[in-house]
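Number of protein chains: 2
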Amino acid sequence: MKLFNKVVIIGTGLIGGSLGLALKKRHLAGQVIGLSRHKKNARLAKRIGAIDSVGSSIDAVKDADLVILATPIEAIISLAPKIAKKLKKGALVIDVGSTKERIVSKLSAIIPNFLGCHPLAGSEKKGIANLENDIFKGTACVLTPTGKTNPAVLNKIKLLWSRLGARITILPAKKHDQILSLTSHLPHAVAFSLISAVPEQFFTLSANSLRDSTRISSSDADLWSEIFLSNRNNLLTALSIFQLKLSGLKSALKNNDQKKLIKILKLAGNKRKKLG
Amino acid sequence: MKLFNKVVIIGTGLIGGSLGLALKKRHLAGQVIGLSRHKKNARLAKRIGAIDSVGSSIDAVKDADLVILATPIEAIISLAPKIAKKLKKGALVIDVGSTKERIVSKLSAIIPNFLGCHPLAGSEKKGIANLENDIFKGTACVLTPTGKTNPAVLNKIKLLWSRLGARITILPAKKHDQILSLTSHLPHAVAFSLISAVPEQFFTLSANSLRDSTRISSSDADLWSEIFLSNRNNLLTALSIFQLKLSGLKSALKNNDQKKLIKILKLAGNKRKKLG
Chain V
1 MKLFNKVVII GTGLIGGSLG LALKKRHLAG QVIGLSRHKK NARLAKRIGA
51 IDSVGSSIDA VKDADLVILA TPIEAIISLA PKIAKKLKKG ALVIDVGSTK
101 ERIVSKLSAI IPNFLGCHPL AGSEKKGIAN LENDIFKGTA CVLTPTGKTN
151 PAVLNKIKLL WSRLGARITI LPAKKHDQIL SLTSHLPHAV AFSLISAVPE
201 QFFTLSANSL RDSTRISSSD ADLWSEIFLS NRNNLLTALS IFQLKLSGLK
251 SALKNNDQKK LIKILKLAGN KRKKLG
Chain C
1001 MKLFNKVVII GTGLIGGSLG LALKKRHLAG QVIGLSRHKK NARLAKRIGA
1051 IDSVGSSIDA VKDADLVILA TPIEAIISLA PKIAKKLKKG ALVIDVGSTK
1101 ERIVSKLSAI IPNFLGCHPL AGSEKKGIAN LENDIFKGTA CVLTPTGKTN
1151 PAVLNKIKLL WSRLGARITI LPAKKHDQIL SLTSHLPHAV AFSLISAVPE
1201 QFFTLSANSL RDSTRISSSD ADLWSEIFLS NRNNLLTALS IFQLKLSGLK
1251 SALKNNDQKK LIKILKLAGN KRKKLG
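So the sequences go chain by chain: V and C.
Residue numbering for the first sequence is 1 to 276, as defined by the working numbering.
Residue numbering for the second sequence is 1001 to 1276, as defined by the working numbering.
These are calculated hints, taken from the structure and not from any lab test.
Be a bit skeptical, because a hint or two may be false.
Restricting the straight-line Cα-Cα distance to at most 20 angstroms, the calculated cross-link-like pairs of lysine to any residue (SDA-like) are [as the list claims (entries may be wrong)]: (1) C:K1274 / V:D212; (2) V:K263 / C:H1038; (3) C:K1259 / V:K263; (4) V:K245 / C:K1274; (5) C:K1274 / V:S57; (6) C:K1273 / V:Q201; (7) V:K174 / C:K1125; (8) C:K1260 / V:S123; (9) V:K273 / C:K1273; (10) V:K175 / V:S240; (11) C:K1266 / V:K245; (12) V:K174 / C:Q1201; (13) V:K158 / C:E1200; (14) V:K39 / V:S57; (15) C:K1250 / V:K125; (16) V:K273 / C:K1266; (17) V:K125 / C:A1221; (18) C:K1250 / V:L229; (19) V:K125 / C:S1162; (20) C:K1254 / V:K158; (21) C:K1254 / V:K273; (22) C:K1245 / V:K2; (23) V:K273 / C:A1221; (24) C:K1125 / C:K1260; (25) V:K260 / C:D1134; (26) C:K1274 / V:K158; (27) V:K126 / C:R1211; (28) C:K1274 / V:S240; (29) C:K1125 / V:R211.
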């Protein structure tokens, strides 16, 4: 069942492209138009069938019923005023950025029917070449309405994500950013630091443990510097919490305290098992 | 081609059991006898076909041509004197422990034909239930001879591991432990600390990043406390190196220094890509 007539996706990378593909596959949109800073990416998205056509300029949003902002964070923020001026009355706008407070405060001030979204479907692989079908199925998706969000807008976007198979959570942007600083941004910061600490010449003697625990450190540097900086205070706090845990383990080790060490590792292991 | 007539494996867990299976599959042993602290595990190993029979006591090593010590580190060390007394002349003994300096110094002093080995094939999954075929194929295996190691013993064990498909590296035990403190023990210490830092109630909003980067924190606590403590000084140094890297990232973030942050993340990402 069609939810929107014309959908414009700005940013046809992994998330934007996958969204296009999912919308088309489930017949949720009349037509899907894709825009990308890199024309080549948008053309590739079309060839793959993730979009119906490549928009030639930002003017494509003019008669859109839904605009999806799927670029990195700072591009979302700088695009917003340009889009706001061109939208038709009643047009819905969502973004899929990884941090929400900065985006939501900027965008909800200038776009009446804006709703912040964050499908937790990112990957260290970026770009449309890694586009997958149905990456939203079973994935958590956080919606971050404000006090001023029109309930009809919220309902329509809830319907959209649920049609894509996502598990929807509704949270204030501030709370979203606090939680994600621990469940996503901290692991990334740790992985970047971990691989930095291991000399390359020792890689031949590494096992799956190093490989798995640093996989996400090959994530895009520009994208992640923006995520980190846009959630700076929360991430600084998360890093401090992590540093305390690390110091606790280190001091048990320094003191040759096996009992304490086992206790720390057991608690950690039991917790990890609950993550599944 | 048979390399050994009678092989006794003490410790029929994931590594010991997989070794038995690989030896038998490739017809490298006349018979394989398995011993375990937990009789149930050894019986399961027999049922799976990883060993030919379950040894009833340590006396099983009496006429063994090869004894493989595949228990946790401290058990290897406490078993050694008991085994040393019973071995026939010319019997070879290897261990597959994750740290080598402590084991090699203790065992090479009392067992003439001992050689320390470390196949980097561990997993957070322990026990014979997770036993896999051919986990040694393509896996790095470090052999740690001392100045006194008989070259014939080294050659025979090299042949054994190469028949199992492992990529052999020969290193002094001390160097092995220094390298592994960075490529294996540090990632584990970091993963245990990382999962400890993330509140369980936020797990529903976690993505693959947290899952992957903490997977190894469900590793066995007793086993890993022994690994950490037996490589204490190296791991303390590795932790300090990691803490410095983390502080570098944290201060770039604190200073809102995007240029520096991008540089750190890019270097890390490029390095990670070389790990494959």
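Hints versus structure:
1. C:K1274 / V:D212: Given pair K1274 of chain C, D212 of chain V holds - Cα atoms ~14 angstroms apart, limit 20 angstroms.
2. V:K263 / C:H1038: violated, 23 angstroms
3. C:K1259 / V:K263: Roughly 41 angstroms separates the two Cα atoms, so the pair is violated.
4. V:K245 / C:K1274: Not OK: K245 of chain V and K1274 of chain C at ~29 angstroms, beyond 20 angstroms, violated.
5. C:K1274 / V:S57: violated, 38 angstroms
6. C:K1273 / V:Q201: The hint holds at about 14 angstroms.
7. V:K174 / C:K1125: violated, 38 angstroms
8. C:K1260 / V:S123: It is violated: about 23 angstroms lies between the C-alpha atoms, which goes past 20 angstroms.
9. V:K273 / C:K1273: violated, 28 angstroms
10. V:K175 / V:S240: holds, 18 angstroms
11. C:K1266 / V:K245: violated, 27 angstroms
12. V:K174 / C:Q1201: The given pair, whose Cα atoms are some 17 angstroms apart, holds under the 20 angstroms limit.
13. V:K158 / C:E1200: violated, 26 angstroms
14. V:K39 / V:S57: With Cα atoms ~11 angstroms apart, K39 of chain V and S57 of chain V stay inside 20 angstroms; holds.
15. C:K1250 / V:K125: violated, 24 angstroms
16. V:K273 / C:K1266: Roughly 32 angstroms between the alpha carbons, so the hint for K273 of chain V and K1266 of chain C is violated.
17. V:K125 / C:A1221: This hinted pair is violated, its Cα atoms lying about 32 angstroms apart.
18. C:K1250 / V:L229: Distance ~11 angstroms between K1250 of chain C and L229 of chain V Cα, so the pair holds.
19. V:K125 / C:S1162: violated, 35 angstroms
20. C:K1254 / V:K158: violated, 36 angstroms
21. C:K1254 / V:K273: violated, 33 angstroms
22. C:K1245 / V:K2: It is violated: about 50 angstroms lies between the C-alpha atoms, which goes past 20 angstroms.
23. V:K273 / C:A1221: holds, 13 angstroms
24. C:K1125 / C:K1260: violated, 39 angstroms
25. V:K260 / C:D1134: violated, 36 angstroms
26. C:K1274 / V:K158: violated, 41 angstroms
27. V:K126 / C:R1211: Holds, at about 19 angstroms.
28. C:K1274 / V:S240: violated, 30 angstroms
29. C:K1125 / V:R211: This hinted pair holds, its Cα atoms lying about 16 angstroms apart.
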